[in-house]
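Use the sequences and the hints to build the structure in full.
Residues 14 to 161, numbered by my numbering, are exactly what the sequence shown covers, in order.
Keep in mind that the hints were calculated from the coordinates and are not lab data. Virtual Cβ for every residue (Gly too), placed ideally from N, Cα, C. One thing to keep in mind: the hints can contain errors.
[Claimed, not checked] List time: in silico DSSO-like cross-link candidates among lysine-lysine, alpha-carbon distance up to 30 Å:
no. : residue 1 : residue 2
1   : 94        : 75
2   : 19        : 59
3   : 75        : 34
[To be verified] Pairwise CB distance ranges, derived in the manner of DEER restraints:
no. : residue 1 : residue 2 : range
4   : 142       : 56        : 35 to 45 Å
5   : 26        : 61        : 17 to 27 Å
6   : 39        : 115       : 23 to 33 Å
7   : 96        : 61        : 38 to 48 Å
8   : 75        : 139       : 44 to 54 Å
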Amino acid sequence: MVEWRKLGEIAELKRGKVISKRYLRDNKGIYPVYSSQTVNNGEIGKINTYEFLYYWLTIEAKKHVYSGMGNPKLMSNQMAKIPIPIPPLEIQKEIVKILDTFTELTTELTTELTTRKKQYEYYRDKLLTFGDEVEWKKLGEVMIINHY
14 MVEWRKLGEI AELKRGKVIS KRYLRDNKGI YPVYSSQTVN NGEIGKINTY EFLYYWLTIE
74 AKKHVYSGMG NPKLMSNQMA KIPIPIPPLE IQKEIVKILD TFTELTTELT TELTTRKKQY
134 EYYRDKLLTF GDEVEWKKLG EVMIINHY
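Laid out in structure tokens, this is it:
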């Protein structure tokens with residue numbers, strides 16, 4: 014059975030570590046990084062590590078955004094009220110196992126797609142590159158052109 018708790022009851026909420034543009038650049042990955050700003054849905058980049066809680070917050074956090082004065086933000090006092098499901102440890106392990114499998118498959122598919130794209134570009138360039146072995150003629154020399 015899943016237990017529901019407020020985020021503030023199970024976690025200490027404080028200002029997160031500053032993730033600089035340099036850190037984003039040096040640790041590129043597939044996992045989004047969010048700030049309290051809501052431009053681009055709050056996403057400021059992607060890194061190569063993740064927190065399991067991210068998946069739930071992407072669904073639930075939008076409901077708790079404060080938009081009273083100009084720039085909407087997700088304040089820590091609002092985050093503390095977000096209800097989160099806490100499944101039994103065995104279910105958590107199974108979820109992680111499934112998500113890890115999806116991550117591996119995504120990596121394999123991305124690698125395969127990159128390889129196929131390079132292959133396509135190679136053969137496209139090969140087909141469209143003509144060397145000295147091609148005899149160039151004017152179109153009128155190889156076909157009859159009718160002018161209507």
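Now the hints, each set against the structure:
With a C-alpha separation of about 13 Å, the suggested pair residue 94 and residue 75 falls inside the 30 Å cut-off, and the hint holds. Restraint check for residue 19 and residue 59: the C-alpha separation of about 27 Å stays at or below 30 Å, so the hint holds. Among the hinted pairs, residue 75 with residue 34 is consistent with the structure: their alpha-carbon atoms are about 24 Å apart, no more than 30 Å. Checked against the hint of 35 to 45 Å, the C-beta distance between residue 142 and residue 56 comes to roughly 41 Å, which is consistent with it.
Our hint of 17 to 27 Å for residue 26 and residue 61 holds, since their Cβ atoms are close to 24 Å apart. Remark: the range hint 23 to 33 Å for residue 39 to residue 115 is upheld by a beta-carbon distance near 25 Å. At roughly 29 Å, the beta carbons of residue 96 and residue 61 sit outside the given window of 38 to 48 Å. At roughly 49 Å, the beta carbons of residue 75 and residue 139 sit within the given window of 44 to 54 Å.
Checked against the numbered hints given earlier, this structure breaks only hint 7.
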